[in-house]
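Keeping their order, the protein sequence lines are chains D and X. Take 4 as the starting number for the first sequence in our numbering and just add one per residue. Take 76 as the starting number for the second sequence in our numbering and just add one per residue.
Among the hints, a few may not be true.
[Claimed, not checked] Stretch by stretch, here's where chain D covers chain X in the computed footprint (C-beta under 8 angstroms, at least three residues): (1) 80–94; (2) 124–136; (3) 327–340; (4) 382–390; (5) 492–501.
[Claimed, not checked] One-sided and incomplete, this derived list gives chain D residues near chain X with beta-carbon spacing under 8 angstroms: (6) Leu7; (7) Val9; (8) Ser17; (9) Thr28; (10) His44; (11) Thr47; (12) Val57; (13) Val61; (14) Phe75; (15) Gly83; (16) Ser98.
Since the hints were derived computationally from the structure, they do not count as laboratory data. Just so it is clear, CB atoms sit at the ideal spot from N, CA and C, and this is done for glycine as well.
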Amino acid sequence: MVPLAVSAGLLFFSFLFLIEARKRTDAHLERHLRAEDASTHLGTVLWVLVVLVVYAVVIGPVGYLVATAAMFAVVSRALGSRRWVLNVGVGIALSAAAYFGFTLLLGVRLPAGFLEMVL
Amino acid sequence: MDVILHLIDGFGTALRPEYLLFSAVGVILGSFVGVLPGIGPPMTIALLLPLTYTFDPVGAFILFGGIYFGALYGGSITSILMNIPGESGQVVTAIEGYPLAKQGRAGVALSVSLIGAVIAGTIATIGLSFAAPLVAKLASNLQATDYFALMVFAFASVTALVGTSLVRGMLSLFLGLWVGLIGLDFISGQERFTLGIPELYVGINEVLVVIGLFAIGEALYGAARIRSGADPTVPIAGRFWPNRGELRRVWMPWLRGSGLGFFFGSMPTGGSEIPTFLSYSVERRLSKHKDQFGKGAIEGMAGPEAAASASFSGVMVPLLTLGIPTSATAAILLSAFQVYNIQPGPRLFESSDTLVWPFIASLFIGNIMLFAINLPMIRLWVKVLKIPKTFLFAGILVFGTLGVYSISNSFIDLIIVYIVGLSGLFMRRYDFPIAPAILGVILGPLMETQFRRSLDLGGGDFSVFISRPFTVAILLLGVLGRQVGDSSGLKEGEPPVSVVMSKSP
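This is chain X alone, in the form it adopts within the complex (with noise of 0.2 angstroms):
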């Protein structure tokens, strides 16, 4: 039972009095920047990002651990009273929950969905420390071709899902790719795109990329519609706690979204969108209350949820174990493994176990604290929903600027910053997805370096791609993913979630 030992390891160290209280910290802004409409999950990341830089490591990951559980609730409150997801994920809480709040059910749908995900959430983290493991001992039989292989099913899968449009999920797939070209090639010293710009050489730094996509580009997006007139909040009205009659019709929600959550988010086609959808259509189809739904299903609302926490903790395993990200969030994680020159697969498990427990183990003092610390201050948070959107754009200008400008008070990356942020307004404008772009950006460059590996591996040889079966049988799957993403009767649901989000004005 190593793995018993290790998580006792692991809370031996995150337990420490200094990283509870940055799993506290990291909880409340978590939840209080996720509440700000429209800001998701990745975006809070990206935001606070840069806070971290000063932290060691072990504090900065139990600090993300913190942010994304706060983040992923922050975001589901804004669902629910708002009616605008943060992202894809929390589409159907809106679908469900934002009728249950008009019905004066608000606080009914807020408690469900916090324990939801708080059960979920722990649920997951013990899959995350059994599977992780085992999946890293099987990795470390893979070659560069496998990786190789691998992130190219991963882009496929992430492309094919997000969205509505093939071309425009790969154009933005090719634009993040390219955008990571970019800069001297380390290896042969060859300028890529640079147009001779000599602050370009060390290329565009991800974080640029990721601020200027989610944060910039989202207060554009916003700072254009502003004068579209507000959105309705709905008050927090009646009981907070669920009776027995609706405690009964969620449990078994919250259990199968947990499950659907962990398995299809460790799976290599990653995220939370098919996990939250899959669920939604199961419960859907074993509910006794069929004709509630799209009206205030509780248990339409509750299996999602927590299919959603569930996937964060599942998305850890390929994140952790091969190093390689299946959301836009676990890319940005990613980056930010790479601030501190961590590189994540199969050998972390050996090599700086003392920070993967730990912070394995700060997940599940994550969900304790996402508990303990919202319960009291989600009237609060509410209110956060009332600050004018005027200031909430001016705002995240603000804190964007601030975290590009933190790195190296450089006047080229502001500019850099401001032209990502003008093409996320133009990709959110023309709905191209967001997050093919970000995983190209953080994941071409790694996939380069595989790709080259391979074909030194296979002296030059193009054919050492089709010489191994496991290589072979997951590039088909990554070619073929898209009729299968296509068949599953996912789309019948109609998963875009701008087409909901431009309901809501």
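Okay, chain D solo, but in the shape it has when bound (with noise of 0.2 angstroms):
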């Protein structure tokens, strides 16, 4: 029943909301449009999120710490940092941060990986 008209809802809404993009009759939406395609680009974040989906099947068998660290430093690469350097180092800094702060004060559990032995 819920389900139903939640579906029902949801179609109606997706309708009129073609017929106003066919229409074109909105117009904030088309300065709002403008605006975004001259400032943004999309290449960017299909890169970021390739980046976040293999961080996520990484991050179990490599460990927190390592992957998280690798993940800031190639994502700020992404977003137009060239310092290599910086970028691992506060990579590093932030993702050890996390880890120790989440796992020792707060008791969260978070996979250690590989330096399992060492920590």
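Join the two chains into one complex using the hints; note that each chain is given alone, in its own frame.
Set out below in structure tokens:
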């Protein structure tokens, strides 16, 4: 009953939106989109998403610390920060702070990965 | 004077050293995250929510109170110095505060905003302490049909008032409702929209949606725009404290803003958009300096700032007494309540007043903390604004992911949150409001429960919804709410955040 109502509503408003978009009646949205097109590069987003999915895959086996530091460094590079040393340095500092803060202070479990012996 | 006794009791708990520490930590964390450009209070709470899972409920909610006030003020700093409001309630702050800062009066703008926030927060919390028990008492007479009607009303008003298009608002709402349905129906045991994936049987955790839409969505959106150049930050210059002339201009707006903020915040329409814009237009009408509006009128910033701060305590009234969130932030707080198996509603004031009153007391303490902590630290927060955007967005991704992963170390959760984040990116790109989706996910399942209870009450007959005058009145208001929102003249000031935001690059 409720799923049916929700699906119907979703379809109904999607349809309305489709009509609105075809007729291009929404002047505000048109303006907004022109500004968006001028200022956004979706290619960057694609790179970031690829990194994130890889990150989700390797975080378990590789361990939180290393995977996160690497993710931070690579995402920073994808966003345009070319100083690798700085990217990696900040990445390591941040992931170490997050890892030890969460596991030691808050008692949250995070995968240690191959550093398990050391930590 | 039950209220006073309860409050004294609450203070007894909230003043314990560890809770004072939580409150202080909350204010500091909230301010720090809130100051980051583009991060508003809902996202701050979403990012910091997983931090609290290991705490006891009282501690967690005291922390939330601190985080919220901190995040609100942090957002004001960003609005004033960078012209980037973190949420729609802060748009006005940017409209008047940024020109003030550019005139070399940034210090005064920041202090007026801080003092106003503290005064308004305190006034509104007093209002909350007295109004909430009364509303709770009234609410204990409400039936399932009334709750259903109130929820429909909350959906309608949030959807109608946020954003520029009703169609996109409704789409956002229904998307949220749909995500809220995913999983096994807990009564009939039927699978809903699970695609046969076992991990989806338990449904999608609300925290995933919140972090995905706010944190990951915002970071991806930021990533898309990162090559469009940096936003300029105005340095703090000149004196910090307002002089006598400025004080004379702002004290009435502070008080009026507090009143408007609390009143409209505590209505089921909720949120900070209406009170801030209303306060802005009231101050413009009453001001002797009408020509300065839009170019840095300090009273035009003081009133709405107070209204935004007061509306937070106002929003607590329907949240605590009815269990109905009327803003994105309140919806996130409700999901946090659910993590602790606490169902807000009239019975909350009877069954767990050991939680409610310390929380209310901690709102008072949080206000004072806000003042005491941010006064010396304001120059530090300004330095936070200088964090390069690349690191800012990469950092949000790290902490957003951490928040999700720490729940159950699950790969599927991460993939879901990235998918939700991608939707968040497109919602921002095509100017869909986020709040209705959040509300749909969190409030949708509760509404279905009330709907079922109503039908049970009526023995399966739909006429149960029209058998009580109160239910009918609220349902009608919900349907007509859109027209009221249109004719109230709010649109005149062009509320959409996106317009202001897209001016900034």
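Okay, the hints, checked on the actual structure:
no., hint, result
1, 80–94, "violated (count 0)"
2, 124–136, "holds (count 4)"
3, 327–340, "violated (count 0)"
4, 382–390, "violated (count 0)"
5, 492–501, "holds (count 3)"
6, Leu7, "10 angstroms, violated"
7, Val9, "5 angstroms, holds"
8, Ser17, "6 angstroms, holds"
9, Thr28, "10 angstroms, violated"
10, His44, "6 angstroms, holds"
11, Thr47, "5 angstroms, holds"
12, Val57, "11 angstroms, violated"
13, Val61, "10 angstroms, violated"
14, Phe75, "5 angstroms, holds"
15, Gly83, "6 angstroms, holds"
16, Ser98, "7 angstroms, holds"
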